[in-house]
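Residue numbers (the working numbering), protein chains in the order written: chain X, 1 to 636; chain C, 1 to 296.
By construction, these hints were calculated from the structure, which means they are not laboratory data. There is no bait here: all hints are sound.
What follows is a set of in silico ranges between Cβ atoms, one per label pair, in the way DEER data are often shown:
{"no.": "1", "chain 1": "C", "residue 1": "Lys-280", "chain 2": "X", "residue 2": "Asp-345", "range": "37 to 47 angstroms"}
{"no.": "2", "chain 1": "X", "residue 1": "Arg-300", "chain 2": "C", "residue 2": "Met-240", "range": "24 to 34 angstroms"}
{"no.": "3", "chain 1": "X", "residue 1": "Ser-186", "chain 2": "C", "residue 2": "Pro-206", "range": "38 to 48 angstroms"}
{"no.": "4", "chain 1": "C", "residue 1": "Asp-271", "chain 2": "X", "residue 2": "Ser-186", "range": "38 to 48 angstroms"}
{"no.": "5", "chain 1": "C", "residue 1": "Glu-136", "chain 2": "X", "residue 2": "Pro-384", "range": "47 to 57 angstroms"}
{"no.": "6", "chain 1": "X", "residue 1": "Asp-344", "chain 2": "C", "residue 2": "Pro-206", "range": "51 to 61 angstroms"}
{"no.": "7", "chain 1": "C", "residue 1": "Ile-15", "chain 2": "X", "residue 2": "Asp-270", "range": "50 to 60 angstroms"}
{"no.": "8", "chain 1": "C", "residue 1": "Glu-93", "chain 2": "X", "residue 2": "Trp-337", "range": "49 to 59 angstroms"}
Since the model is a prediction, treat every value here as computed from it, not as a measurement. For each residue, glycine too, the CB sits at the ideal point set by N, CA and C.
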Amino acid sequence: MKKSRTNLMVCAGSGCVGAKSLKVKNALQEELKKWKLEDEVTVVLSGCAGVCTRGPIITVYPEEIFYENIKIEDVSFLVEEHFLKGRPVEKFMYKEPVERLAIPRMSEIPFFKHQVLRVLRNKGLIDPDKIEEYIARDGYSAAAKALTEMTPEEIIKVVKDSGIRGRGGAGFPVGVKWEVCAKMDSGQKYMLCNGSAAIKDGDRALMESDPHEIIEGMIIGARAIGATKGYIYVRTDYTIAVERLQKAIDQATEAGLLGEDILGSGFNFDLQVFRGGGAFICGESTALIHSIEGKRGTPRLIPPRSAEAGLWGKPTILNNVETLANIPLVIINGADWFKSLGTDDSPGTKVFALTGSINNTGFVEVPLGIPIRQILTDIGGGVPGAKRGRKFKAVHIGGPTGGSLPESLLDMPLTFDDIEKAGAVMGSGGMVFMDDNSCMVAMAKFFLEFNADESCGKCVPCRVGTKIMRDMLIAITEGRGREQDINALQEISYDLIVGSMCGFGQMAPNPVLTTIKYFREEYDSHIRDKWCRTGMCRELATFYIDERICKGCGVCLRACPTKAIIGEKKKPHKIIQELCLHCKTCYDACKFRTIRVLPFSAREASETELAELAEAIAPVVAVKKTEKAEKMEEVE
Amino acid sequence: MAENIKILVVDDEPIVIRSAKRILGAEGYDVEGASGGREAIIMMEKKNYDLVLTDLKMPEVDGITLMRWIRKSRPETGIVVITGYPSQETIKEALELGIIDYVPKPFTPAVLLDVTHRALEWMKGKIPEEEIPKEEFPPSMISELDRVIKEYKNKPGSTIPVLQRAQEIVGYLPPIIQKRIARGLNVSTADVHSIVSFYSFFSMKPRGEHIVKVCLGTACYVKGIEAVVTKLKAELKIEMGGITDDKRFSMESVRCLGACGLAPVMVIDQDTHGTLEPKKVAQILDEYRPVSKETT
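Okay, chain X solo, but in the shape it has when bound (with noise of 0.2 angstroms):
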């Protein structure tokens, strides 16, 4: 690299790209030529910073200043003002959310804080075209220890010794997993990295900022286990990623670090990048495998395992991308150092995407055992609207296959174990935060149209199974439940727990499971009352703007599709019911919390019986109360 007075890192991750980060580059570099700046200011671009909602990020080095939706509009003015005169620029540093005063420095940023980096330690540091900043970051030096140095057996051990567990799914002990095909008396054998599985946020970071990594980690395990080819295999629609994958085998390929008798140690290792065709089910392992055969991905019943018996028949590894992007770092610092973090059971740190109602949406690392609460609030800023008095409901980890859990549960560590017993899986790191306005009848009925499509249908319980309870899902949610429905959701479930081929159709149920033992009461409201208290499912609500609040200030008014409220200006406004389509467009359009969500049943109701309704819902001096006490927030 360069050497510069200052370095600015414009973010190339998918968000920021979106968000139009290369067009900033480049007009970041002609308004600095337009000052001669750019012999001291060099412009990078970097991975993903995984604050993908703020972008297109910039950050600045040495300084560590962090900038956040960067405009090419601002460019001309962030030049002048931080580079020409040395000022840096608050209007466009992150503020926290709650007293809006700005951070300037990226390591104070509350989401930054929290974390630890490992795995992401080079994300918005290194541009990852360019093999020579991971080498420069001791990139491909556990490598060269690994061919040089050990042996394959004291690479397992060191591996094994770790207690590093698999981050793509159930987590099996990855060292016990090599061990096993190592022994394997085979003259070809096969290490594939597992880049497919969807909601996985920070898979996709991983192979987008850091791919020299995963290159590293795939060495190394061929190393330990004798495999001479390779496959890393990615979505097709992962645009980016594929292609800094191939850039990035290309450039090793040319370095001698990965071909033929690599860094003179005897060892060969070809790799390719395999691009999949866009199917969930080709997350789980057989069905990868079937998939880079050129077949229909569908899985097979285990054993044998595909240590055994693995791609065209032959001992083969499947790991995950985060997995692999461990696997450097615990062969140069070794396995007491990988154990410093984490418990005992779950050591190490993970990776999680959080999305959905929460303030700081993108991916982070943390060490494993960690509450969730930490997450949420710490790290994620809390839920947005907590003001207006949203609040949390639950927090759904694991993808389509995981489980929905309640608040009671926020202290729960983040453990493999502790997920599983509490019904969800760690599987993608997918972690969606929900508040009060979600409904986790919907939600579950949402995962199982998602698990129903995605079924492979080679099994019958999965195909089947799945698609049953979807229909009883939507029928609940369109007010055609029944009361021994959901004894039969359950009853269902378990055949499709003990009779399902592979983890896809074990785990499908997971989100009915949750949310029937942790929401139970909203399922009852749903069947016996036919009432949806969120307004989610629109067969089973009715929308009532409280004319004891309502200041008439017109907004639902206008935001309402079908025009069905009426009211003159600062009067209190009113829904024609025969016109309302449900839709909750003014519920969530109203600033002053005024509209009540009542039974399916009051449709038919009178003024008198809706008004008593909505007091039963919410009293009205409660109601006028919080409002005081907001308003003296607001002033305050």
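Given chain X, put chain C in place with the hints provided.
Just chain C now, with coordinates in the frame of chain X:
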């Protein structure tokens, strides 16, 4: 029924030719014999045969070599293998050369007759290669496709990469293209179709100039992608999976684009559009429309 059907029996054992002539001749087939591959080729140069029954192991020019020649020079001729030593390797090779069937030696008259009848029936049902409409698929496109097929031919597991490249070249994968790929890679059309229909990336319908992929993943659902989809449908006047009348846009759904932090998300061509709101939709679509509004 058997009139005018010419069959050539190739075997280095004269008894096989004699018995074949006796059995098939009685049914009215016109049967001739050749004692080896070389003689068979010379005979076939002079005359067309409908069906060749050939041994595999023969001195000088063997069955496999003969079949290769037939595939190249007389592709319309059907082949049935008669063999006493069916080893896995040779059978696999023979199957790759597109034989119709094989008869193990020794055989009974009934078996030989049955196999011959079936082979001829099969050939009758064989559909000639479909003509690829030139207006829709220009010859340059097809030759590019054939080049890709050739590049991957005989490589294991090449069907998916070929289909991906084919979709890039043609834009979508209609049955006629699937058939051409199957033939080129020497796999069954059913196999190719089973892959095309399985993976959501492959499309059997024509796609627009710009492809709008809407994420229906969990995060996008929670963040309200449904309202965005409703707006997109209204703006483009198409349903999910449809294509606009001017062929400018087609809309598809995908299961998580892996950009959950940006939810709700859609991707148009290669551009990611995050934190969508229904009211932003029209403006985003305009970026992909020609500048002058009158034309649209």
